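Colleague: Given chain A, work out where chains B and C should sit, using these hints.
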Amino acid sequence: MESKKLTPKDFITVGIFTAILLVVEFACGILGYIHPYIVASYVVMIPLAGSIPMMLFYSKVEKFGMITIMSIIIAIMMFVLGMGYLGAPLIILTGVIADLIARSGEYKSFKKIVISYGVFSLWVCANYFPVVVTADSYRQGLLDEGYSVEYCDNLFRAVNSKTLLVLLVVCFIFGCIGAFVGKAAVKKHFEKAGIV
Amino acid sequence: MMEDIIEIKNVSFKYKGSEEGLLKDVSLSIKKGETVLLTGASGSGKTTIIRLINGLIPHYYQGELSGDVVVAGKDIRTTELYDLAGTVGTVFQNPRSQFFSVDTDGEIAFGPENVGLAPKEIKKRSSTISREMKLEPLLGRSLFELSGGEKQKIACASVSALMPDVILLDEPSSNLDWNAMEDLKESIARWKAEGKTVVISEHRLWYLKALVDRIIYMNKGKIEHEWSRNEFAAFDENEVKQLKLRPVKLEENFIENFRNGRLSGHNVVDRDSQKDDIVLKDFYFAYDQKPYFFFKHKLSAEDGDMLSLNIPRLALPKGKVIAVTGRNGAGKSTFLRCVCGLEKDCKGVIEEDNQVYKGKKRLKLSYMVMQDVNHQLFTDSVESEVLLSMEKEDTARCDEILSELGILEYKDKHPMALSGGQKQRVAIASAIGAEAKLLLFDEPTSGLDFAHMEKVGELLKDLAESGKTVLVSTHDPELIDKCCDYVLCIDRGKIIADD
Amino acid sequence: MSLKLDPRTKLFMVLVVSTIIMMSATTTLQWIIRLIITLIPIGLLIVEKKYASAIRFLVMYAVALILMLRFLSEKPDGLIKSLLIGYCGIVVQFLPSIITAWYVVRTTKIGELMSAMQKMHVPDGITISLAVVMRFFPTIKEEYASIRDAMKMRGVMLGGGNAFRMVEYRMIPLLFSCVSIGDELSAAAITRGLGGKVKRTSVVELKLKAADYAFIFIFTLATASFIFFKYVK
Chain A
1 MESKKLTPKD
11 FITVGIFTAI
21 LLVVEFACGI
31 LGYIHPYIVA
41 SYVVMIPLAG
51 SIPMMLFYSK
61 VEKFGMITIM
71 SIIIAIMMFV
81 LGMGYLGAPL
91 IILTGVIADL
101 IARSGEYKSF
111 KKIVISYGVF
121 SLWVCANYFP
131 VVVTADSYRQ
141 GLLDEGYSVE
151 YCDNLFRAVN
161 SKTLLVLLVV
171 CFIFGCIGAF
181 VGKAAVKKHF
191 EKAGIV
Chain B
1001 MMEDIIEIKN
1011 VSFKYKGSEE
1021 GLLKDVSLSI
1031 KKGETVLLTG
1041 ASGSGKTTII
1051 RLINGLIPHY
1061 YQGELSGDVV
1071 VAGKDIRTTE
1081 LYDLAGTVGT
1091 VFQNPRSQFF
1101 SVDTDGEIAF
1111 GPENVGLAPK
1121 EIKKRSSTIS
1131 REMKLEPLLG
1141 RSLFELSGGE
1151 KQKIACASVS
1161 ALMPDVILLD
1171 EPSSNLDWNA
1181 MEDLKESIAR
1191 WKAEGKTVVI
1201 SEHRLWYLKA
1211 LVDRIIYMNK
1221 GKIEHEWSRN
1231 EFAAFDENEV
1241 KQLKLRPVKL
1251 EENFIENFRN
1261 GRLSGHNVVD
1271 RDSQKDDIVL
1281 KDFYFAYDQK
1291 PYFFFKHKLS
1301 AEDGDMLSLN
1311 IPRLALPKGK
1321 VIAVTGRNGA
1331 GKSTFLRCVC
1341 GLEKDCKGVI
1351 EEDNQVYKGK
1361 KRLKLSYMVM
1371 QDVNHQLFTD
1381 SVESEVLLSM
1391 EKEDTARCDE
1401 ILSELGILEY
1411 KDKHPMALSG
1421 GQKQRVAIAS
1431 AIGAEAKLLL
1441 FDEPTSGLDF
1451 AHMEKVGELL
1461 KDLAESGKTV
1471 LVSTHDPELI
1481 DKCCDYVLCI
1491 DRGKIIADD
Chain C
2001 MSLKLDPRTK
2011 LFMVLVVSTI
2021 IMMSATTTLQ
2031 WIIRLIITLI
2041 PIGLLIVEKK
2051 YASAIRFLVM
2061 YAVALILMLR
2071 FLSEKPDGLI
2081 KSLLIGYCGI
2091 VVQFLPSIIT
2101 AWYVVRTTKI
2111 GELMSAMQKM
2121 HVPDGITISL
2131 AVVMRFFPTI
2141 KEEYASIRDA
2151 MKMRGVMLGG
2161 GNAFRMVEYR
2171 MIPLLFSCVS
2181 IGDELSAAAI
2191 TRGLGGKVKR
2201 TSVVELKLKA
2211 ADYAFIFIFT
2221 LATASFIFFK
2231 YVK
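Chains as they are written, first to last, in the working numbering: chain A, 1 to 196; chain B, 1001 to 1499; chain C, 2001 to 2233.
Hints listed in this document are in silico derivations from the structure and should not be mistaken for laboratory results.
Just to be clear, a hint being listed does not mean it is correct.
Claimed, not checked - Some chain A residues near chain B, calculated using beta-carbon distances under 8 angstroms: (1) Lys188; (2) His189; (3) Lys192; (4) Ala193; (5) Gly194; (6) Val196.
Stated by the list, open to error - Listed next, the in silico EDC-like pairs over lysine to aspartate or glutamate satisfying Cα-Cα at most 20 angstroms (straight line): (7) B/Lys1032 - B/Glu1194; (8) A/Lys192 - B/Glu1194; (9) A/Lys187 - C/Glu2168; (10) B/Lys1494 - B/Asp1372; (11) B/Lys1344 - C/Asp2183; (12) A/Lys60 - C/Glu2205; (13) C/Lys2141 - B/Glu1343; (14) B/Lys1123 - C/Asp2183; (15) B/Lys1222 - B/Glu1020.
As the list claims (entries may be wrong) - DEER-style ranges, computed between Cβ atoms: (16) B/Gly1140 - A/Ile30: 30 to 40 angstroms; (17) A/Leu100 - B/Ser1018: 16 to 26 angstroms; (18) C/Leu2158 - B/His1225: 51 to 61 angstroms; (19) B/Asp1083 - A/Lys162: 30 to 40 angstroms; (20) B/Glu1231 - C/Pro2138: 41 to 51 angstroms; (21) C/Val2122 - B/Gly1067: 18 to 28 angstroms; (22) B/Glu1121 - A/Ile30: 22 to 32 angstroms.
As the structure is a computational prediction, the values presented were derived from the model and not from experiment.
C-beta: ideal position from N, C-alpha, C; glycine also.
This is chain A alone, in the form it adopts within the complex (with noise of 0.2 angstroms):
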């Protein structure tokens, strides 16, 4: 009698996960605060030191709804610690998409999970939004007090509207990187100890 719903276990499940996750790209961010630049290499760090905790995770989801799930609670705890709201359609979005490709290969399919993973990582980005919303708007706002174009991208090179994509892109190439390294590590602890 499989049971598609969702059990308690399942959700204290998906709050432990979430929880290591959070502390992952907390400990990440208090980084971003030795150096700007730093901030744009979240889309390396987290995808990557997150890799671990996610691809356990992966192994224990076998229904649909606890990887939306994790993205909804990422995107509300953004949101209380003062991140802003623009980020939450992206996150959710993602998490729904990563959801539905690794249902499509029944949460078993390696490289179903890999793809999956990479979509769900595009999380990250949602952290540069409320930098690149701001940006755009400082500088409009800058621009219109008459200063010049170089000062306003000198200001914001690293991260802006037209970086952003690019940071996608990297972000998915290293959340599909991680998806191995973390497979790796899940293998050769969790596998071998029989936990798996």
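Modeller: Just chains B and C now, with coordinates in the frame of chain A:
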């Protein structure tokens, strides 16, 4: 006329993918209002029976089940767990991992909230329970601040809030010190007085002696003996030991003596110092430091009561096993951590074999086997764990160490796939590989049955004989009796001498 | 005197602050509105006796604001000046929402938040997962501290110079621990009725009071005037 509230008929069970903890054709009836103790070695099936009564088997733990289990008229197989919540409540072993909320009030209300009771009713129940269990000082606080015993109290309150007829306890005293066990005893006594049926699975028997009506002894999945309270009380210590149960009178006597200040071992402070002693000097540490601007105030004996650890000088005999005892919160863990070198702010110095160890060097001298061994295993094979500790990797020496500890056959296995006792040995193997001279153990026998506790005792003795100095922080009187040469008693951060 | 605001009010404040800082402030009036919505949370922190953080935020904001306004008037030449302005600009931009978020997190009990979510008709499953997230943060902290100690003791803090090992040694024991705690937690929760067909109730009873309505009004007014003066005028 007392009816049966729990009926287990011809039940056999095998966990999916494991041979441990199975049951072979077990039948057991428990009457309403009875207090029953389930005891026996680890793996004998005690916990499995508990899981049958509260429905975790078959709804949470998978396996092959045959036979019937009926609790308060409900067939466990066909009743959903949330329908059983109002009938059966369970207090689990580990205080840390059974609470769902972050604060005490939320935890007590958790059960009633789940079953949809009205807020007024929930508040009424909460205040009744708080009053009865004297929970005033614990209310409105974060669960993370509480001690193990306090957490377990809240767990009991949380179970009470659903007002179940049957209350199960699965090795509830494993992580508790003696005072906390007294509190637990009171909770059980209260439930008994309220007419609830209580079933307890336990290794440590002394605190339940007067409460239980029936004692059921299990071995390898079958019920081997059943005794009434009086029958069991009539046993002498040898008979108890024969059954591989933890000696009841010994534990009681020890605790009596300890409480009255009479120590049952040689106090390490009373011996004459030897030349090859390991000497600890200036071990001062405080958790809450005064705020400082640039330089941290160097702690000394003058800081007096503010100190969490206050040891000006201590001489430890080499190559012996020394028990570290004291109430929870007295400073035992602080002491171990400072000796090990984990507390940077503790500037104590250790002198050993004409060498002085300060600061980071102390880390090399000692090695601690933590209470949760899982936190110190990092690699994917037992061999790698030991090699990790070695300055220069030496596989031959590694094999030697593993075979001495009897775990050579697990060389390539992942440490997390091993049992608790085996993991402990892996940690010890790493300690030997690191060539630490001072070995520290933090509660190595909590939750272990008699046979396993004896093994640990022998291991500690062997380590001492091979020249290591062993410090064991423990609540376990039997362990102290078995293998400790000396006792070190700590109270409020200071070392206590016999009067 | 403690001001107990309903969590829904607090969430509304976060919403408003996030919205306002999204739009750039160019006129003085807009700046004043921005200042107000920054000072209110700081004021609330003081009311709730969180003096240390209130003062820290106030100082940070004031310094960044002054620096930015001062240097903005000069033509920025040189890398350092523009980096400084950029940095200050970012601080001024995001601090209001961080302060508001800090206030919300520090003064809201998780039970209240759960109850608020229920009232807002968020599905039970999401509420449970969110509760577990909050409950696990301190647990992760504790477990990680213990793992760090073990790493210190065994001398593997830097993973032997290997970046992957550094992450591995921290992450793997943490995951084993969390999974094990999670299993025990689930068992203890479902034996206490979690996951039933009945809708969960909450012992925390939330009601919007006068203070809530006052704040909701102020913040709505702030948003409305900001938008008005920016786009309509």
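Colleague: Which of the numbered hints above does this structure break?
Modeller: Hints 6, 8, 10, 11, 12, 14, 17, 19, 21, 22 contradicted; others consistent.
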